[in-house]
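Participant: One-letter residues, chain by chain:
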Amino acid sequence: MTTVHEPPTEPAEPAGPARAPGKAPGSPLRSRLVPRQRHVPVLATLALFLVMYGGGIANYEGFSDTQVLLNVFIDNAFLLVVAVGMTFVILTGGIDLSVGAAVALTTMIVAELLQKGWPPAVVLPLVLVLGVLFGTGMGAIIHVFDIEPFIATLAGMFLCRGLSYVIATESIPISDSFWTSVADQKLRFGGFHVSISVVVAAVVVLVAAYVLAYTRFGRSVYALGGNRQSALLMGLAVGRTRIGVYAISGFCSALGGVLLSFYMLSGYGQHAQGMELDAIAAVVIGGTVLTGGSGFVFGTVLGVLVLGLIQTLITFQGDLSSWWTKIFIGVLLFAFIVLQRAVGRRTS
Amino acid sequence: MQTADQSGTRDGAVLTMRGISKEFPGVKALDGVDFRLHPGEIHALMGENGAGKSTLIKVLTGVYDVDRGEIELAGEPVSFTGPLQAQQAGISTVYQEVNLCQNLSVAENIHIGREPRRLGAIQWGELRRRSDELLRRLRLEIDVTAQLDSYSIAVQQLVAIARAIDISAKVLVLDEPTSSLDAGEVDQLFRLLRQLRDEGMAILFVSHFLDQVYEICDRMTILRNGRLVGEHLVAELSQRELVGKMMGRELALLEPMDEEHRRPLTELEARPAVVEASEVTRSGSVEPFSLTIHQGEVVGLAGLLGSGRTELARLLFGADKADGGRISFGGEQVALHGPRTAMDHGVAFSSENRRTEGLVADLSVRENIVLALQAARGWARPLNRRRQNELVQKWISALSIRPADPELPVRNLSGGNQQKVLLARWLITEPKLLILDEPTRGIDVGAKAEIQRLVAELSDGGMAVLFISAELEEVLRLSHKIAVLRDRKVVAQLANSDDVDADRLMAAIATGGAS
Amino acid sequence: MNGGDGRFAAARQHALFWPAVVLVALLAVNTAFSHGFLSIELRDGHLYGSPVDILRASAPLALVAVGMTLVIATGGIDLSVGSVVAIAGALACLRISELGDQNGVAGVLLAVAVALVLAVVLGSWNGLLVARIGIQPIIATLILMVAGRGIAQLVTDGQVLTINSGPYETIGAGYWLALPVSVLIAAGVIGLTLAVLRRSALGMLLESVGGNAEASRLAGIRSRWLTFAVYAFSGLCAGIAGLMISANVASADGNQAGLLIELDAILAVVIGGTALIGGRFSVLGTVLGAVIIKTLDITVYTVGIPSDVKLLFKSLVVIVLCLAQSAAFRAWVTRRRHVGSGGSGARVATGDDEKAGALA
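Sequences listed follow chains V, S and L, in order.
Reading the first sequence from the start, the letters are residues 1 to 348 in my numbering.
Reading the second sequence from the start, the letters are residues 349 to 863 in my numbering.
Reading the third sequence from the start, the letters are residues 864 to 1223 in my numbering.
Keep in mind that the hints were calculated from the coordinates and are not lab data.
One or more of the hints may lead you astray.
As the list claims (entries may be wrong) - Computed footprint of chain S on chain V, listed as stretches where at least three residues anywhere in the stretch have a Cβ under 8 Å from a Cβ of chain S:
#	region
1	214–224
2	227–239
To be verified - A few chain L residues facing chain S, derived, Cβ under 10 Å:
#	residue
3	1063
4	1064
5	1065
6	1072
7	1075
8	1078
9	1082
10	1089
11	1141
12	1142
13	1143
All C-beta atoms in this analysis are idealised placements derived from N, C-alpha and C, irrespective of residue type, glycine included.
Using the sequences plus the hints, can you model the full thing?
Facilitator: See below:
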C-alpha cells in the first residue's frame, strides 16, 4: 500500500472528531457542479432570497423595478458596513454587541463637532480613528483578560450609549454643507440612482472579501474560528488576530455611523437601537456560523438584502401597522432559519 | 539502521536538555531530567502516564516554561516563549489530537502562517502546487483543496506531519502519532519516518505501543515519576526489561491471559442471552447484522478503522436510532428511543471519544463518576453525598485513579486516568452488558493490563462485554467470540479458539471472512 | 490540601466576593450622600426605606435573571424575556379591563392565570426551537424577541392600557406582613427554585448539559427535555415579572415594558459568577447581581449624578466588575505590584490548554 487514493464519497460531518473516516469529495474527476460543503449555506440564502424577490414581483405592482432593489441598498448601506465588521468578529467565534451604540455615538460626535464648526475633513477621519481605538480597546480587554466577548461588548454598548447621552440627550441636526451635499448626492446611471453610501458600502464589502480570501490576516481569522487551540499551536498570531477583528468592527461601526449621519442628517443617542441584532441576524442569515470558522462576506450582503427586502415587502403591502410588521419579520426570520437548517441538513 | 554509537556529552546532538525541572501546584512533573537527540535518529520517549513525557515535550516547545534547567538547540542555548518561537527555531510538533483547523483546506493547513505571497496577496495557485509536491514526497495523492475534515484522521495526521516537515525542521516531535491509525497507515507513516531519518532529521517519537517503538526507533529514553531512568539503544533492551524500568518492578504483562480461566464458548452460549440483535441496521452506518451476547461472554469487534464497529455499538446502546431490525434485552424486545432506554435495561457504553462524548470537563471526578447512575435515577432522586463519596472512593481505589481527589475537575487528570474515570462511571451502574469502545487507547502499559484484567474479572462474574479495540492482540486476549467487520458489515463471527491468531483475524478482515 | 467541599465552597465564595464588595461599596456611597439611606421604618404596617425600595425594584429583575441563569447554565441564552414581560402584563390588563368588576378576585386570578400560561407557552416555544429543531439559542430567542414585541403591541393596540383593580395592583405594589408583595413573590419563587435545585440532582444535571451536551446525552441524561424545560421556566419567570411590573403601575405598555431587561438580566447572571458559556451556575449570585444593578440605579439618583451620565456610570461599574472577576486581570495586577516575581506555570493560558491535562 504505497499510495493512499481517497475514492470520492460524501464528506463527513464537519463538527466533532471524524468517527467515520469519510473520504474526499474526489480529485480532479469531481463534478464542478457539486458545491463545496462550505458554500451550501450561502447558496441556500441566495435561493431563498430569489424566492422572496420572486414572490414580491408576483404580488405587488412595480416591485420588479430595479430601483426597488437599489433602494434596499440605499436604505441599508450603513447596516451593511456594520454587518461586514460583525462578520469578521463572528468568524472568529466572537460577537460584538456594541455596534449599534457605537454607530449612535459616532453620529453624535459628528453632529456635535460639525455644529461647533470643526471642518468635515477633520471630523471624518477623527471618528474613524476613534472607532478603531474603541474596537482595539474592547478586543484587548477580551483577549488579554479573557473576558467573554458578549459581556465586554455589552459593557462597550453601555459605554457608547452613555457617552452619547453625556454629549446631549436630544438630537442634534447636521447642517454642514459638505455633509448635506454628500447626503443629497445621487449617482445616476442608466435611469437608476444610488447614494454615495452605497458606493462606500460596496468598497467596504470588496475590501473585506479580499482581505478574508487573500491575506494572511484573513486566513488567520478563519483558522481562529475553526479551532483556537490549533491556531495557537500552529504558531498563528492569535492575539493580534483576535484584537484585530474587534478593531475592524469598531472601524466599521464608525463608518456605519458616518453613513447613518448622511442618511439621517442628525446625531442622536437613540439612533441605531437594536442595530447590533440586525447585524447579527444578517450575518447568520448569510450563512456564517455563530461558532466561527465558516462564512463569507457575500453571504452577509445577502443577509442584509433579505432583511431589507422583508421591510420592502411590508411597505408594499402597505396596510400593516408597526406591530404587525414586527410579527411578520419574526415569522419570516423563523421560516428562513428553519429552511436554512433543512437545506443544510439535506446536503450534508 | 542504527546510528553510530556516540559516547560522551557534546557529541553532535542537535538537541540537548539538561536538568529540566517543572512543578505544578502539588505535583512535580519533571525532576532534573536530561535528554538528548541526534540528527538522523528516531528516539523514543518512554514512560507511563504521569511519567512526564507530555510535560517534557511541552517544555521543549515553549508551551510551558521551565523552573530549572537548560535547553540547547544545535549548540545554542534556547528558551522559547511559545509554540511559534519553537517552530521558527526548527522544532515541529505533531500532537496526538490532530492540531490543525478542520474548516480549512489541506493545502491551507500545511501553509497557514507562511503562505506564499506577492505584494501581500496570497498566491493560491502556488500554494496548491507546493502542497501537491510536498504530499507527493509523502506518497499521498489527495485533493489538497478539499476541506481537511473530509479526510480520515490518518490522512489528517499525515498532513500535520507534512506541515511539520515543510516548516523545518531540525527536530520533529511526534506525540502518539499512531493512536488512530490502522496497520496499513502505520506502515505508511513508518516508511516516511525512515525516509526522513535517513535524510538527517532528528525525530522524537512518543508512543505507548511497544511493538511499534521496537520496530522504528533507534534509541530510547525512559522516564518514571518525572525522573530520568536511563537512555538506551533499542537493541540493548528487551521489551520485558523496558517495561520493568518503566514501571519500576517486574511484571509479567506480556504473558497471554491464563487460558484456563477462559470459559469455553459452548458453555457460555448455553446461558441466557443478555442482548439479541436481529438484522439491526441503520442506513449509511451499518448493514443489517445479527449478534447475540450471553451472560459472562466477552465479544470482541475486530476490523479496520471505519468498518463500523463503533456504529454497531452505538446502535446497541441507542446512541443512534436503528432503521430496521429488532433488539431484545434479556429476552424482551425493546424499542430503543435513546441511551436512557438501554440503560434502563442494564446496558452501559463507554465511548471512544472520552473528551468529546465521555467526560464533562468542568465537572469534578466525583460528578463525572456518578453521572450515569444519577441520570438513570432521574432528576428527582438524588444520590446523597455520603453514598456518592462511598461509591466514588470505592472505584477510585479499585481502578487506581490518580490523583485520588474526587473533587478535582476531571480535566486536570491525565488521559489514562480520565479513561478510568469514564470506566468507573459505567461500572458503577452495575450493567448487564458493558460496551467498551477503545477503552485502552492512549493508556500506558500498566493501566492497560489493569483494565484488561478487570474485563476478564467482570466477565467471570457474569457481565456480558462487547469489546472494541484496534489492537488485535487485545481483542484476542480477552474475547470468547470475535465478530469481524469490514466496510460496515459483519462478515464473520469466530469462536476465539486456539487456532485463531492475529494473522487469521487480519485475513478475515481482508478477505471478508473466508476461513 | 482542602477537602473537596471546602475548596468548592471557597471558590464560590470567591466568585461572590467581589460583587458583595461592590454592593457594600455602593451602599456606603449612598449612605455618605444621604445619611438616612439605610434606615427602615415601619409606617401603617408597611416597611419603608431605601433598602426596601431597592428590593422592590430588584424583584422583577431578579426573577427574570434567575430564569435566565438556568438557560445560560445549559449553554443557551434567552433574548425574548423582555417581550414576554410585556405580553404577560398586556394580556392580564386586557382581560381585567374587560371584566365587569375589576376588583373581583376570581376574575383577576383568571386573568393572571391566563397570562402566566401564555408566558409558559412562549417559553416552551423557545425550548422547542432550541431543543427539538436545534436552532442556536441567540437566533431562536431573537425571533420571539422581535415578534413578541409586536404581539404585545397588538394586545394593547399600541396604547397604554390602564386598569383599576385593587387585587391586581397588590401583586406589584401591595404589602403583606409589612413586606412588599412583589418581594415576597420573588423570594418565594426563587426560594422554591433553590430548594428544588439543592434537593434534587437537577443542578448537577443542568451543569452537565451545559458543560457537554452530547456526553450528557450519552450518559443517559435527557438533555433535550432539560433544555426545553429551562426555556419554559424562563418564560414563566418573565411572565411573573411582567405581571409585577404592570401591576406596579396599574397599566400595561406594550411598547416600553421590559425593554432592555434581557441585557440587565444577563448582566446580573454574569455579575453573579455564572459564565455565559454554560456549566457551573449560581442562583444566589444572580440575585446578588440583580440587587447590585438596581442599587446602581438608586445610587445614581442619591448621589445626584445627572441622568444623562447614568448609563456611562453604569458601564464603568460593569467594566470594573468584569475585570475584577477575571483571573487574568487579577494576576496582571498582582504581578505589577510584585515586580520581579516570575510566575511559574503555563505561558499559554491554561484555559486554552484543555486538550491535555496539566499532569504528564
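Participant: Run every hint past the structure and note whether it holds.
Facilitator: Each hint tested on the structure:
1. Coverage of the region 214–224 of chain V by chain S holds in this model, with 7 residues showing a Cβ closer than 8 Å to a Cβ of that chain against a need of three.
2. Counting residues of the region 227–239 of chain V whose beta-carbon sits less than 8 Å from any beta-carbon of chain S gives 10, enough to reach three: the coverage restraint holds.
3. Hint on residue 1063 of chain L holds. Least Cβ distance to chain S is approximately 5 Å, under the 10 Å limit.
4. At its closest, the beta carbon of residue 1064 of chain L sits 4 Å from a beta carbon of chain S; the interface hint therefore holds under the 10 Å criterion.
5. With a cut of 10 Å, the hint placing residue 1065 of chain L at the interface with chain S holds, because the nearest CB-to-CB distance is about 5 Å.
6. Interface restraint check for residue 1072 of chain L: the shortest CB-CB distance to chain S comes to about 9 Å, inside 10 Å, so the restraint holds.
7. The criterion of a C-beta within 10 Å of any C-beta in chain S is met by residue 1075 of chain L, whose closest approach is roughly 4 Å, and the hint holds.
8. At its closest, the beta carbon of residue 1078 of chain L sits 5 Å from a beta carbon of chain S; the interface hint therefore holds under the 10 Å criterion.
9. About 5 Å separates the beta-carbon of residue 1082 of chain L from the nearest beta-carbon of chain S, less than 10 Å, and the hint is met.
10. Interface restraint check for residue 1089 of chain L: the shortest CB-CB distance to chain S comes to about 8 Å, inside 10 Å, so the restraint holds.
11. The interface hint given for residue 1141 of chain L holds, since its Cβ lies 9 Å from the closest Cβ of chain S, which is under the 10 Å cut-off.
12. For residue 1142 of chain L, the interface hint holds, the least distance from its beta-carbon to any beta-carbon of chain S being 4 Å, beneath 10 Å.
13. At its closest, the beta carbon of residue 1143 of chain L sits 6 Å from a beta carbon of chain S; the interface hint therefore holds under the 10 Å criterion.
Violated hints for the displayed structure: none, as all numbered hints are satisfied.
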